Structures are given as C-alpha cells and as structure tokens.
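There are 2 protein chains.
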Amino acid sequence: MREVAVIGVGLTKVGHLFSESLRSLFSRAIRGALEDAGNPKIEALYVGNMSAGQFNNQENIAALLSDFAGLNGIPATRIEEGCGSGAAAIYNGYKAVASGVHDFVVVGGVEKMMDTTANDATSIISTVTDQEYEAFLGLSLVGINAMVMRLYMNTFNVDREPFAKFSVQMHENASKNPYAQFPFKISLDKAMNSNPVADPIHLMDCAPLGDGAAALVLCPKEYAKDFTSKPVEIIGAGHGMDNFIFHTRDDFLSLKAIRDAAREAYRMAGITPDEVDVVELHDAFSITAFLSIEDLGFVEKGAAGQLVDEGLIGLDGTLSVNPSGGLKARGHPIGATGVYQMAEIVLQLRGEAGARQVPGAEIGLTNNISGFGASSYVHILRV
Amino acid sequence: MREVAVIGVGLTKVGHLFSESLRSLFSRAIRGALEDAGNPKIEALYVGNMSAGQFNNQENIAALLSDFAGLNGIPATRIEEGCGSGAAAIYNGYKAVASGVHDFVVVGGVEKMMDTTANDATSIISTVTDQEYEAFLGLSLVGINAMVMRLYMNTFNVDREPFAKFSVQMHENASKNPYAQFPFKISLDKAMNSNPVADPIHLMDCAPLGDGAAALVLCPKEYAKDFTSKPVEIIGAGHGMDNFIFHTRDDFLSLKAIRDAAREAYRMAGITPDEVDVVELHDAFSITAFLSIEDLGFVEKGAAGQLVDEGLIGLDGTLSVNPSGGLKARGHPIGATGVYQMAEIVLQLRGEAGARQVPGAEIGLTNNISGFGASSYVHILRV
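Protein chains in written order, with the working numbering: chain S, 1 to 383; chain U, 384 to 766.
A portion of the hints provided could be inaccurate.
To be verified - Just a few of them, taken from the derived set where beta-carbon distance is under 10 Å, the chain S residues facing chain U:
id, residue
1, Met50
2, Ile74
3, Arg78
4, Gly84
5, Thr127
As the list claims (entries may be wrong) - Computed from the model, here is a short list of chain U residues facing chain S with C-beta under 10 Å:
id, residue
6, Arg406
7, Thr510
8, Phe635
9, Ile746
The set of hints was computed from the structure by calculation and includes no laboratory data.
Bear in mind that the values here come from a model prediction, so they are computed numbers and not experimental data.
Where a beta carbon is used, it is the ideal one built from N, C-alpha and C, also for glycine.
Please build the complete structure, drawing on both the sequences and the hints.
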C-alpha cells in the first residue's frame with residue numbers, strides 16, 4: 001500500500017442555503033478543492049451523501065454530481081453510511097489511492113437538508129436507526145442519545161453543566177470560523193436553559209439541520225509535493241462496527257465501533273492518543289462528544305466532563321476538540337460532515353486555520369460515526 | 384492488478400415477497416453465496432441498493448445488513464447508482480480484490496420495492512432521472528424511453544413487432560428459470576396487445592416491480608481453486624458515463640455510457656463482441672434492450688430487431704440474450720439487478736443453468752445501466 005496525502009480542500013459555509021441546490025453546493029466544494037490542489041487530472045470521484053433520495057427526491061447522484069462538477073466520464077461512486085457517509089467516502093477514496101487503483105481522486109460530501117421541513121428532516125434523520133426495532137416504536141436518534149445521557153449522568157455522577165460547557169466551547173470556536181453555520185458565542189446560561197428536546201438533552205446539546213458540501217483531493221504522497229508545499233499525510237485509517245440495534249449491545253456507555261476504529265488507526269499510524277494535537281469528532285449531541293472523547297482513548301470512561309470543566313479542549317488546551325465548532329456550531333450537513341472534519345484538520349495542520357488555529361498542530365484525528373455508533377471511521381493525519 | 388474470480392453465487396426468487404424484508408432477503412442471498420463458495424473468511428462487504436431510504440425508510444443499510452447477515456465488523460460499503468447500483472457495487476468489490484486491498488469480498492444487491500404502492504414505486508424510480516430538468520417537468524423514465532422508442536421506430540423503419548418478440552423471448556427464457564418473477568410464456572398477440580403505458584411502449588415492453596436479492600463472492604483467481612472446481616474469472620471491467628440530462632446528449636439513439644464501458648471491458652479482456660456467447664443486458668424496456676444490443680457492438684445501429692426477428696437471441700442463438708428472462712421476466716429488483724445479471728452468467732459459464740443453459744457457453748458479458756444510460760458498467764467473464 002502506498003502512502004496517501006491530501007493536497008486540496010474545498011468547502012462551503014454551512015447554513016440554510018435556500019439559494020443553493022444539491023448540485024450547486026457540491027460543485028462549489030469540488031471546484032474549491034481542485035483549485036486548491038492546483039487542478040490535477042482527477043481519475044475517480046467518491047461522493048458521501050446520506051439521503052438525497054429522501055431530502056431531494058434525487059437518487060443516482062454520483063453520475064449527476066460528477067456531470068455538474070465538470071468531472072463527467074470518470075468512475076463516480078456514491079457511498080451512503082448515514083451520518084458517517086462522508087468518512088466512508090474518504091475511507092474508500094483513500095484505499096483506492098493507497099492500493100494503486102487510482103492516483104488522483106476527489107472525495108466530496110454533500111447534504112441539502114433544508115428543502116424539507118424541520119419535522120420531515122427529523123424523521124429522515126431517524127432512518128439511520130433501525131426502522132423495525134427502533135424508529136417504528138417511536139425511538140428517534142435524539143431519544144437514544146437522551147437515554148444514554150441520563151444513564152451517563154447517573155453512572156458517573158455528572159450533571160448537565162459540563163455538557164453545556166462543551167456546547168459553549170463549540171460556539172466559541174465557531175465564532176472564529178467563516179464556514180460555520182452559527183459563528184457566534186453563547187453563554188453558559190443560554191446553554192443550560194435552552195428548551196428541553198428529549199430530557200436531559202436541551203436544544204443547545206444538539207447539532208442543527210443545515211446544508212453544506214466539502215471536498216478533498218487525495219493522491220500518493222510521492223506526487224504530492226508537485227502540487228502543494230504543504231501536503232498532509234493520512235497516516236492512519238480505521239473502521240469499526242457494532243450491533244446495529246442499540247439495545248442489543250453489551251455496553252450502553254461505550255461505543256465499540258469507535259474503539260475498534262481508533263485502535264486500528266492508532267496502530268497503523270504508530271502513535272498513541274496523547275500524541276494527537278487536534279481532533280474533529282462527532283458531537284451530534286453533547287453526550288456523543290463525551291463518549292467519543294473517551295472511546296478515542298483521550299481520557300478514562302466518565303472523565304470527559306472533567307476535561308471540559310478544566311478548559312482543556314479549547315484551541316490552546318491539551319486536546320483541542322473541534323476547532324471548527326463541531327457539528328454543534330460549524331453545522332452538520334449529514335453526508336458532508338465527515339469531509340468537513342478532515343478539511344478542518346488539513347487546514348489546521350497546514351497552519352491555515354486563521355483565528356481558530358491550534359498553535360503548533362502537527363497530528364490531527366477525525367472521527368465520524370453512523371447512527372448511534374453503528375459504524376465508525378477514524379483517520380489520523382500528519383503534516 | 385491481480386486476476387479476480389467469482390467463487391460463489393446466491394440469489395432469491397424475484398417477486399412480490401410480502402413475507403420478506405430488506406434484511407431477510409439480503410441475508411438469504413449472502414448466506415447462499417457464502418455456502419456456494421465454501422464459507423471463506425470474508426474481509427469486506429459491498430452492498431448495491433438504489434433506495435431503501437425511499438422504499439423502506441431505511442438508510443445506513445450497509446451496517447444494518449452486514450449485522451443481520453452475520454458479517455458484523457468488516458468494512459461494509461453501501462453503493463447507490465440508481466438502476467446500476469448492483470454493477471457499481473461489483474465494480475468496487477472487483478477493484479478492491481484486484482488491487483490487493485482485500486482477498487475475499489462479498490457483493491450483495493437488494494431492493495425491497497413492494498412495501499410501497501405501485502404508484503409511489505413509479506415516482507421513486509423516476510428519482511434516478513434529473514429532478515430539476517426532467518422529473519419535475521413530468522418526464523418519467525418510461526416517458527424518456529417512449530420518446531426514444533418512437534424516434535427509433537421512425538428512424539430505422541421498424542414497427543412494434545420486433546420489440547414484442549423480444550419480450551416473448553424473455554418470458555420463454557424465464558419459464559425455465561426457478562428464480563424468475565414471471566416463469567411463464569406469453570404469446571406475441573399478448574405482447575402486441577397489452578395495455579399502452581406511454582405510447583409506443585405497452586405493458587409487455589416494461590420490466591415489472593419486484594423484490595429480490597443476489598450475492599457474489601469474489602477472490603483472487605490464484606486462491607479460487609481451493610474453494611470451487613469451477614471458478615469464473617472476471618476478465619474485463621469497464622465504466623462509462625454520459626450527460627446526465629437526456630436532452631443535452633449528442634445522439635438520442637445511442638447510449639455513449641454503454642459504448643465507453645464496453646470498449647474498456649473488451650480491450651481489457653482482449654476479445655471482440657463476436658466472441659461473447661451469452662449476455663445479460665439491461666432490458667428495463669424493450670427499447671433499452673435494443674439500444675444495448677447495438678451499443679455493446681453485437682450488431683449495427685438499427686439492426687437489433689432483425690437479430691430478434693431471425694430468432695438469434697434464444698438459448699441456442701448466435702448471441703444468447705438474457706437466458707435468465709432479463710429484467711422483463713426474471714424481474715428487476717433495482718439495486719439487485721446488476722448482481723442477478725452476473726450471478727446468471729456465472730451459472731451459465733459453470734454449466735449449472737439447468738433448463739435455460741446456453742450450450743457450451745464460455746464467455747459471458749453483463750451490462751447494467753443507471754437512469755437512461757447516465758452511467759453504465761460492463762463486465763466480461765470467462766470460465
């Protein structure tokens with residue numbers, strides 16, 4: 001297997017982009033990434049998207065999007081893996097380059113969610129959980145997260161405040177990110193007293209609905225220097241999976257898919273968690289962020305809140321978490337999220353993250369999950 | 384790149400399978416393929432499915448289906464490419480083995496269409512065409528096919544009879560196929576006088592709606608002999624693409640995506656069209672079959688009807704077309720169709736196709752398309 005580098009990044013601001021379409025968003029991100037990479041000749045396209053079928057009544061989107069992005073003719077593959085679609089597309093694009101199938105590929109993630117009502121969007125998002133054993137019975141994704149958050153709070157004797165502080169930090173970071181959906185700060189009081197959604201989850205614990213697209217250009221590391229002065233190498237790629245139905249799992253407070261993906265990625269990269277400078281993880285809800293921080297091996301189980309409390313996840317903390325603002329405040333255009341995560345890490349490792357730059361970041365990690373951790377991908381990058 | 388062989392095949396009968404679910408169908412096909420292959424240790428799963436989101440309100444299906452098929456833990460990738468989803472999944476699985484990423488992979492295609500009404504299913508199928516430039520204006524997939532069939536009839540001075548004869552042949556073949564949705568013969572009179580759907584397309588020119596799943600086990604050719612006495616090698620794999628919006632294409636009577644995919648596959652296989660003994664092609668409508676026969680290089684443009692008229696596409700013809708009964712009569716569970724096609728060719732080349740066996744078949748070809756030829760995959764197999 002060959003070493004693989006990211007040589008181009010493109011992304012759109014996340015938001016309720018009513019003047020943009022699925023294809024216009026995607027094309028914008030792809031053109032951005034190609035320009036950033038110095039316009040190499042692209043051999044294949046991988047598209048991460050959760051549900052253009054349900055959100056936009058549009059399937060067959062790899063062929064459509066490649067045509068509109070000016071890439072007609074090359075193999076174009078649309079990959080769906082719920083909320084993890086973006087990272088799944090990266091994982092497949094990475095393997096294609098590493099194995100020698102292709103030299104230059106572009107991976108794009110896109111989701112155009114705001115063509116539907118918020119009500120419909122919530123139903124559509126619940127289709128990443130099991131329709132026969134979970135959603136059919138009224139258990140939505142926020143419902144699963146709420147039960148786990150309650151169990152976590154009881155088990156580890158933690159109240160809502162560290163969760164609320166996490167969201168405050170995400171908005172603090174997003175206020176410095178020009179691509180963020182919510183580029184403004186919120187107070188701890190606002191986070192604590194926002195409307196309850198599914199107790200103990202309040203509105204400020206939840207990632208919002210939004211439209212967006214992001215893209216990356218990958219190529220063999222040996223060619224990267226011809227296209228950029230700052231190639232960022234993918235030094236680890238791991239995949240994990242768990243029982244699909246949540247209530248059949250052994251442990252409700254740990255996501256096995258993340259643990260397995262992280263173990264594989266750390267081993268491949270030859271590093272330990274404490275060597276990671278900056279991480280973009282999947283804070284669909286603040287409880288998901290806490291489980292991720294722990295299952296990625298950064299702290300012991302139950303100790304994520306303490307890390308937040310001590311102010312250690314900020315841009316100058318011991319572990320900078322989601323400098324982009326994360327799913328909470330950068331936004332969560334579902335199938336694009338995994339690609340946004342890696343785009344952010346690439347900008348951080350290049351030192352091009354502007355006001356939200358993590359000082360001296362050299363090793364970064366991304367973690368994107370599907371459903372409530374049915375599957376997970378971890379990628380580790382180094383400049 | 385390594386040589387790749389198919390060592391296992393599994394498939395379900397196609398039909399309105401109201402007692403089966405998406406996961407039960409898929410698991411059945413996967414278990415069949417694994418048993419047929421002698422239960423090798425599988426390293427990755429590729430799932431071809433068009434729209435479980437719209438048909439079954441279920442996304443994130445690779446994780447779900449791998450769990451229920453007993454394959455939890457390995458990388459599982461769901462690939463969507465409209466009606467070509469099955470072949471797209473094969474193409475990706477094939478590349479993974481050829482390039483050395485994995486040794487043993489299973490590719491499964493599944494579509495559970497009959498959980499919705501026929502009306503809804505027709506709308507969902509139209510989401511493979513462009514929602515902004517085609518479907519939104521009332522132009523459905525059958526509408527595009529009808530306009531092309533009319534143009535074809537006028538251009539080449541052909542009437543409806545050769546098209547109807549094609550469908551009669553498909554039912555003749557299906558009557559010998561235990562997996563077929565419609566395992567019975569129809570008369571030419573019935574085909575000619577079935578209800579018009581979108582003039583000049585009549586009901587008997589159309590593939591039906593149906594549920595089904597099919598699966599294949601792939602591995603490097605060098606390992607195949609340890610698992611089967613009759614490995615079938617994939618000697619050619621080609622991909623092609625066209626303008627997504629039909630009315631922007633240069634030629635309305637030829638599908639560039641098929642021509643390009645076929646050229647690539649023939650070149651890789653080192654054969655010419657006349658060396659192909661048996662083909663499974665994409666007869667979503669009888670006009671699509673005619674265009675495919677021509678664009679795959681078997682006859683000149685406009686001459687497909689003559690081939691049918693002269694009785695040359697039957698099981699003992701010069702070019703046996705769709706011994707399975709094709710999309711028309713074997714059935715067209717959309718995301719599974721490309722996998723059904725290759726499963727049929729494997730059975731034919733092994734000499735295990737029973738009453739529908741093409742005598743002495745040694746080289747077979749599959750062609751699956753998305754939309755009205757927005758993209759296309761051609762695979763060539765040899766025993």
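These are the hints, each one checked on the structure:
no.: 1; hint: Met50; in the structure: holds (6 Å)
no.: 2; hint: Ile74; in the structure: holds (8 Å)
no.: 3; hint: Arg78; in the structure: holds (5 Å)
no.: 4; hint: Gly84; in the structure: holds (8 Å)
no.: 5; hint: Thr127; in the structure: holds (5 Å)
no.: 6; hint: Arg406; in the structure: holds (8 Å)
no.: 7; hint: Thr510; in the structure: holds (5 Å)
no.: 8; hint: Phe635; in the structure: violated (17 Å)
no.: 9; hint: Ile746; in the structure: violated (24 Å)
Hint compliance for this structure: hints 8 and 9 are broken, all remaining hints hold.
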